[in-house]
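Quick mapping for you: the protein sequence lines, in order, are chains V and F.
Be aware that the first sequence starts at 439, since it is given in our numbering, and climbs by one per residue.
Be aware that the second sequence starts at 2, since it is given in our numbering, and climbs by one per residue.
Any given hint might turn out to be false.
[Unchecked claim] Partial chain F-side listing against chain V, Cβ under 10 Å, derived:
#1 8
#2 20
#3 53
[What the hints assert, rightly or not] In silico EDC-like links for lysine to aspartate or glutamate, alpha-carbon gap of 16 Å or less:
#4 V:683 to V:710
#5 F:172 to F:208
#6 V:683 to F:108
#7 V:755 to V:794
#8 V:683 to F:107
#9 V:683 to F:105
#10 V:724 to V:854
#11 F:206 to F:155
#12 V:724 to V:775
If you're looking for bench data, these hints aren't it; they were derived computationally from the structure.
What you are looking at is a predicted structure, and each value in this text was computed from that prediction instead of being measured.
Using N, Cα and C, we set each Cβ at its ideal position, and we do this for glycine too.
If you want the building blocks of each chain, they are given just below.
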Amino acid sequence: MSSLRRRLFAILVAATGIIWLCGILWIFVGAKAELEHVLDTRLQEAARMVDSLVAQNGPAFAAAASAAATPERYQRQLSCQIWSLDGRLLARSGSAPDVSLSDHAAGFSDRRIQGEYWRVYTIDNPAKGVRVLIGDRLGQRDQLAVDLVKGLSIPAILMLPLLGGLLWLSLGRGLRPLLAMAVELKAREADDMRPLQTQHAPAELLPLAAALNNLFAKVETARRHERDVTAFAAHELRTPLAGLKTHAQIAMAAGDPGVRQEALRHILLSVDRATRLVRQLLTLAKLESGLAAGQSERVCVGDLIEEIGAAAQPSGKDVAVRIDPALRDFTLTANRDSLAIALRNLHENALQHSPEGGAVVWNVTPDGRGIGVEDEGPGMPPEEISQATQRFFRGKRQTPTGCGLGLAIVEAVLREMGGRLVLENREGGQGLRAIAVLPPATSPCP
Amino acid sequence: MRILIIEDDQVLAAGLKVGLGLAGMTVDLVGSCAQAGEALATTAFDAVVLDLMLPDGSGLDVLRGMRQRKDRTPVLLLTALDEVADRVKGLDLGADDYCGKPFDLDELAARVRAIGRRGGGRAAPCLTAAGIALEPSTLSATLNGQPLALSRREFAVLALLMEHPGAIRSKGEIEDRLYGWGEEVESNAVEVHVHHLRAKLGREKIETVRGLGYRVQVAP
Numbered sequence: 439m440s441s442l443r444r445r446l447f448a449i450l451v452a453a454t455g456i457i458w459l460c461g462i463l464w465i466f467v468g469a470k471a472e473l474e475h476v477l478d479t480r481l482q483e484a485a486r487m488v489d490s491l492v493a494q495n496g497p498a499f500a501a502a503a504s505a506a507a508t509p510e511r512y513q514r515q516l517s518c519q520i521w522s523l524d525g526r527l528l529a530r531s532g533s534a535p536d537v538s539l540s541d542h543a544a545g546f547s548d549r550r551i552q553g554e555y556w557r558v559y560t561i562d563n564p565a566k567g568v569r570v571l572i573g574d575r576l577g578q579r580d581q582l583a584v585d586l587v588k589g590l591s592i593p594a595i596l597m598l599p600l601l602g603g604l605l606w607l608s609l610g611r612g613l614r615p616l617l618a619m620a621v622e623l624k625a626r627e628a629d630d631m632r633p634l635q636t637q638h639a640p641a642e643l644l645p646l647a648a649a650l651n652n653l654f655a656k657v658e659t660a661r662r663h664e665r666d667v668t669a670f671a672a673h674e675l676r677t678p679l680a681g682l683k684t685h686a687q688i689a690m691a692a693g694d695p696g697v698r699q700e701a702l703r704h705i706l707l708s709v710d711r712a713t714r715l716v717r718q719l720l721t722l723a724k725l726e727s728g729l730a731a732g733q734s735e736r737v738c739v740g741d742l743i744e745e746i747g748a749a750a751q752p753s754g755k756d757v758a759v760r761i762d763p764a765l766r767d768f769t770l771t772a773n774r775d776s777l778a779i780a781l782r783n784l785h786e787n788a789l790q791h792s793p794e795g796g797a798v799v800w801n802v803t804p805d806g807r808g809i810g811v812e813d814e815g816p817g818m819p820p821e822e823i824s825q826a827t828q829r830f831f832r833g834k835r836q837t838p839t840g841c842g843l844g845l846a847i848v849e850a851v852l853r854e855m856g857g858r859l860v861l862e863n864r865e866g867g868q869g870l871r872a873i874a875v876l877p878p879a880t881s882p883c884p
Numbered sequence: 002m003r004i005l006i007i008e009d010d011q012v013l014a015a016g017l018k019v020g021l022g023l024a025g026m027t028v029d030l031v032g033s034c035a036q037a038g039e040a041l042a043t044t045a046f047d048a049v050v051l052d053l054m055l056p057d058g059s060g061l062d063v064l065r066g067m068r069q070r071k072d073r074t075p076v077l078l079l080t081a082l083d084e085v086a087d088r089v090k091g092l093d094l095g096a097d098d099y100c101g102k103p104f105d106l107d108e109l110a111a112r113v114r115a116i117g118r119r120g121g122g123r124a125a126p127c128l129t130a131a132g133i134a135l136e137p138s139t140l141s142a143t144l145n146g147q148p149l150a151l152s153r154r155e156f157a158v159l160a161l162l163m164e165h166p167g168a169i170r171s172k173g174e175i176e177d178r179l180y181g182w183g184e185e186v187e188s189n190a191v192e193v194h195v196h197h198l199r200a201k202l203g204r205e206k207i208e209t210v211r212g213l214g215y216r217v218q219v220a221p
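Let the hints inform the model, and build the full structure from the sequences given.
So, in structure tokens, the structure goes:
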């Protein structure tokens, strides 16, 4: 399991370690350069001192040489040799080798003698005929720098566990809002889609909380939609059954032949309605399972609408049906049966909502890509248009025969064909216009 | 009993009107929330049968509105949704009973009688006073133990008078109970029914309180 806390901890400890290491390296380099400078100055001063001792005391060279090797913490660090200018070793301090520390005439030089590196300062004293050499083992110098770094590193290393512990605890504390959120989510019921409280959430968690809330809202909407469909479906399926049963019971109980006749008539009506509902449901199921996708063929839309109009059940109302002549030249490649189902539903809807003496007009949309049907009915409340294609949805202006599946079927057919259904109220609130927008591929061929 | 049925499905509503009519109830029908509001505002009903899914809104809104107006008319919910949560919601909003679609007509009639009875503050299903006993579930009546043949309207008039024996019921009240909207009411219809009842029960059982109405004699 990857843990954010462990990950952050590792990153922080590694970063701190690297920074400490760099710091120590920097101090080491800087201190070493400074040390070189200081020690070089000391060499120079010691050489001058010996030189002046030689100048004052004459030939008491040994005393002068050992005076240079001052016993301090780094004992016998400095070594001193006094050579005559003609190459004899006149005196040397205890720690000095007997070979010449330097062959340079004067000033600083580095030299390797018996495996050791030396830093040497040379002063020539032509008046006395001697040369003073003061040397310093470089190894010892390095030791100094190393000791300095050790002094810094050991406390740092000892402090590391302490730092680690503090980091671990702080991370735990810092990540607490995340943990709190996880605990809250874990404790929820599966159907609890309330948004997470974000007013106390830290800025880093806000995007996550917002994304989660967004998801919750989407799931909730989908679930409500599902619930609505279930409720509509239950209503549409059970109400005709309730009517059927009620009338059957009346027919059985009524003594009056008139009442019984009326009940039987209602039973027939209910059976017709249930039949229609079942047919619509089966059509929809077929469309959704893709079983309806049969052979495509060339269909002349004008002829098809004419057939549908002729076969439509008389509504008992005087409604004129007009088919735009342009539709006669409007042919497309489609499954004829599916297209007929969609256009028939649109046609029946238009007829049902038409007032007495109204007209249903079929035409081609101005862009030539859709088939439109207009009625002169009451139209649709704007807020219902988006819901109208939902299964079992029946709006405020419902007709007694509908069951809320017609437009769902139309949309399913058109979606199958790659098109879509557009519903809009006609300008001036005079009726509804339904447009079957067809995909470019099936667009009319002349 | 006069009841209001709020149901948008015309076939079912027609069935309910006839079916509950056969059970001796006077039924008025409306098909939307708006019409329900008007009906409830203008007429006193003994019970309301309310469909939950109406074209212009939810029956629960009608129910909520009634209870907010302190309308105590008993309400039976008719709904296709029979999940426990839906039933609980309806009952908690102030409904008195619940019937899921499809229902049994006899059961629905019994439930409507029951909520009407409770709404009228009675517990006993039988109405008894002055030696008369009425059984609303079977529309049967007895006088001193002897069966009595009453027409549906006579039964309804007598039932109203016997709901609160001794209470005076005006002619208008009786007419409201007997006739739904749109039914032709003869101006002397109530007098005719009372006349027939007196002929069957004996004159002294129903007393005319001049200028006020009628009441059933409580004293033996």
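Each hint tested on the structure:
1. 8: holds (8 Å)
2. 20: holds (5 Å)
3. 53: holds (8 Å)
4. V:683 to V:710: Within the cut-off at roughly 14 Å; holds.
5. F:172 to F:208: holds (13 Å)
6. V:683 to F:108: At roughly 12 Å apart (the allowed maximum being 16 Å), residue 108 of chain F and residue 683 of chain V satisfy the hint.
7. V:755 to V:794: holds (6 Å)
8. V:683 to F:107: Measuring from Cα to Cα gives roughly 11 Å; hence the hint holds.
9. V:683 to F:105: Holds, because 7 Å separates the two Cα atoms, which is no more than 16 Å.
10. V:724 to V:854: Holds, at roughly 11 Å.
11. F:206 to F:155: holds (14 Å)
12. V:724 to V:775: holds (12 Å)
No hint from the list above goes unmet by this structure.
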